[in-house]
Amino acid sequence: MQDVPAPYGGESPLFSIIIPLEHHRGQWELSWLGWTSQTADKSLYEIILVVPPDFKALNELKALAGGKARLEFTNSDHDIGLCAFGATKARGK
0 MQDVPAPYGG ESPLFSIIIP LEHHRGQWEL SWLGWTSQTA DKSLYEIILV VPPDFKALNE
60 LKALAGGKAR LEFTNSDHDI GLCAFGATKA RGK
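Numbering of the sequence shown is given in numbering that gives the first Met the number 0, commencing with residue 0 and proceeding in unit increments.
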C-alpha cells in the first residue's frame with residue numbers, strides 16, 4: 000500500500016483490485032468484466048492490471064483499459080509473482 004494520491008487527483012481509493020494478466024487459466028477477462036460492471040462508486044477502488052513480459056495483445060489491452068485501470072509491467076510471468084508485484088503498486092487504504 001502506498002500513501003499517494005490516485006492518478007486522477009483524488010484521494011487514495013479504499014480498495015486496490017489487482018488483476019494478474021496470465022493466460023493459462025483465462026480468468027483475468029472475467030475478473031475485468033466483473034469489476035468494470037460494478038455499480039459501486041468508482042472512486043472507492045482502483046484496478047491494477049499487472050502485465051507479464053510475454054503479453055501478446057498490448058495495444059488491445061491499452062485500448063480496453065483506457066482510463067478504467069492502471070497498467071503495471073513486470074518481468075514475472077506467474078500469477079503469484081504478478082499479484083505480489085501489483086501489491087507493491089497498490090494505493091488502496
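The reader is advised that the hints may include incorrect statements.
Taking lysine-lysine pairs in the DSS-like style, the calculated list, with each CA pair at most 30 Å apart, reads [claimed, not checked]:
| # | residue 1 | residue 2 |
| --- | --- | --- |
| 1 | LYS67 | LYS41 |
| 2 | LYS61 | LYS92 |
| 3 | LYS55 | LYS67 |
| 4 | LYS41 | LYS88 |
| 5 | LYS61 | LYS41 |
Derived CB-CB ranges, DEER-like [to be verified]:
| # | residue 1 | residue 2 | range |
| --- | --- | --- | --- |
| 6 | LYS55 | LEU13 | 17 to 25 Å |
| 7 | LEU32 | ASP53 | 16 to 24 Å |
| 8 | ASP76 | ASP40 | 31 to 39 Å |
| 9 | ASN74 | THR38 | 30 to 38 Å |
| 10 | LEU43 | ASP76 | 16 to 24 Å |
| 11 | ALA83 | TYR44 | 16 to 24 Å |
| 12 | THR87 | THR38 | 17 to 25 Å |
| 13 | THR38 | PHE72 | 27 to 35 Å |
| 14 | SER30 | ASP53 | 17 to 25 Å |
| 15 | ASN74 | GLU10 | 28 to 36 Å |
Since the hints were made in silico from the structure, they are not lab data. All C-beta atoms, glycine included, are put in the ideal place defined by N, C-alpha and C.
Quick rundown of the hints versus the structure:
1. Using a Cα cut-off of 30 Å, the hinted pair LYS67 and LYS41 holds, with the two alpha carbons roughly 9 Å apart.
2. Annotation: proposed proximity of LYS61 to LYS92 holds, straight-line Cα distance about 26 Å (limit 30 Å).
3. Restraint check for LYS55 and LYS67: the C-alpha separation of about 20 Å stays at or below 30 Å, so the hint holds.
4. Of the supplied pair hints, the one linking LYS41 and LYS88 holds, its CA atoms being roughly 18 Å apart against a limit of 30 Å.
5. A hinted pair counts as satisfied when its Cα atoms are at most 30 Å apart, and LYS61 with LYS41 qualifies at roughly 19 Å.
6. Between LYS55 and LEU13 the C-beta distance comes to about 33 Å, which lies outside the given range of 17 to 25 Å.
7. Our hint of 16 to 24 Å for LEU32 and ASP53 holds, since their Cβ atoms are close to 23 Å apart.
8. Taking the beta carbon of each, ASP76 and ASP40 are about 34 Å apart, inside 31 to 39 Å as hinted.
9. A beta carbon spacing of about 36 Å between ASN74 and THR38 agrees with the range 30 to 38 Å that was offered as a hint.
10. Distance hint check for LEU43 and ASP76: the Cβ-Cβ separation is about 31 Å, which falls outside the suggested range of 16 to 24 Å.
11. Checked against the hint of 16 to 24 Å, the C-beta distance between ALA83 and TYR44 comes to roughly 19 Å, which is consistent with it.
12. Remark: the range hint 17 to 25 Å for THR87 to THR38 is contradicted by a beta-carbon distance near 29 Å.
13. Evaluation of the 27 to 35 Å hint for THR38 and PHE72 yields a pass: the beta carbon distance comes to about 30 Å.
14. At roughly 19 Å, the beta-carbon separation of SER30 and ASP53 lies within the given 17 to 25 Å, and the hint holds.
15. At about 31 Å, the beta-carbon gap between ASN74 and GLU10 stays in the expected band of 28 to 36 Å.
The structure fails hints 6, 10 and 12 (numbered hints given earlier, in ascending order).
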